[in-house]
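S.K.: Protein chains in written order, with the working numbering: chain Y, 96 to 214; chain L, 96 to 214; chain X, 96 to 214.
One should not assume that every hint holds.
The list treats identical chains as interchangeable, and a pair is accepted whether it falls inside one copy or across any two copies.
To be verified - Here are the computed lysine to aspartate or glutamate pairs in the DMTMM-like style, where the Cα-Cα straight-line distance is at most 25 angstroms:
1. 172 x 191
2. 172 x 134
3. 211 x 191
4. 172 x 112
5. 172 x 205
6. 172 x 132
7. 211 x 128
8. 172 x 118
Source of the hints: derived by calculation from the structure; they are not laboratory data.
Just so it is clear, the structure is predicted and the values come from calculations on it, not from any experiment.
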Amino acid sequence: MPHLIVEYSANLPAFPEAQALAELNAAVVASPEVAHEADLKSRIVRTGSFQVGTQPAQRAFVHAQLRLLAGRTPEAKQDLAERVAGVLRRLTLRPEGVLVQLSVEIVDMDRPSYIKEQL
Amino acid sequence: MPHLIVEYSANLPAFPEAQALAELNAAVVASPEVAHEADLKSRIVRTGSFQVGTQPAQRAFVHAQLRLLAGRTPEAKQDLAERVAGVLRRLTLRPEGVLVQLSVEIVDMDRPSYIKEQL
Amino acid sequence: MPHLIVEYSANLPAFPEAQALAELNAAVVASPEVAHEADLKSRIVRTGSFQVGTQPAQRAFVHAQLRLLAGRTPEAKQDLAERVAGVLRRLTLRPEGVLVQLSVEIVDMDRPSYIKEQL
């Protein structure tokens with residue numbers, strides 16, 4: 096059931112999307128919180144229209160949002176966030192002179208109204 | 096006030112975006128939870144950079160997120176999710192050999208800080 | 096730490112993305128809720144596949160989502176939403192005959208599991 100959405104700013108052109116998808120999914124489904132590997136649906140979006148703060152400095156960002164059904168413990172959520180951050184930290188190449196912010200957010204999804212099925 | 100965001104993976108090239116928007120909006124605004132039909136703002140995004148799980152199998156997904164001001168009953172939220180799922184279930188054509196996961200999520204939006212106006 | 100995501104419908108082709116990013120960031124980081132201006136990561140997405148309601152009228156929308164770590168007072172959230180709305184209200188040009196809906200949503204992010212670091 097988890098959904099993983101990674102956004103990154105277009106001034107990180109070397110970000111390896113396919114490799115990141117493969118490694119992120121491997122890291123997240125290895126968590127005991129994910130029942131079946133096929134449950135994880137991940138996507139990566141490059142954003143061309145962005146601004147970090149108000150200074151003209153060279154700044155970039157990579158942000159991941161992992162959405163799971165509500166009910167996980169704080170520890171489980173921290174572990175999942177660290178799994179995602181670990182991969183992104185390793186795979187994000189910092190261009191010369193660019194400051195890159197990395198962030199990971201865990202979102203609880205409303206469980207009673209969630210619908211999931213295979214077509 | 097509701098916002099509907101549908102994402103689908105690019106290996107579902109026959110997904111009928113315009114028809115889905117029309118039928119989703121008709122189904123959702125027919126709910127007693129939506130005061131005015133014009134309140135519903137829907138969009139569909141095709142995602143080209145995605146991965147479902149860790150296996151090389153042919154896998155696709157369609158995911159909808161319906162964001163409403165907080166305060167609906169669990170029953171109302173389940174009904175809204177089913178309205179969305181019903182349309183997507185009917186309109187998503189499954190390519191030969193591809194497994195398609197369909198999911199629908201209802202999100203509560205913070206009511207006191209929400210701003211809405213017509214320009 | 097805040098993330099600002101602005102979406103607008105493609106029938107607002109004159110929407111000034113770069114100017115909006117600059118003015119939105121200036122308005123938001125001037126809030127006492129934002130510790131460092133560089134913390135704010137903003138992006139703008141134009142959505143080409145959309146529908147507002149069920150009528151064939153000419154309708155457009157601009158929607159902003161500001162995601163902050165949980166714990167702000169209701170007053171602080173209202174102030175932040177108004178900062179965003181003020182800029183968008185001013186910069187959104189309404190094409191002749193088009194009704195434009197403007198909305199701003201504040202989202203609480205789960206604080207204990209949030210990860211943020213600079214690479």
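S.K.: Hint by hint, work out which the structure violates, then give me just those numbers in ascending order.
M.R.: 1
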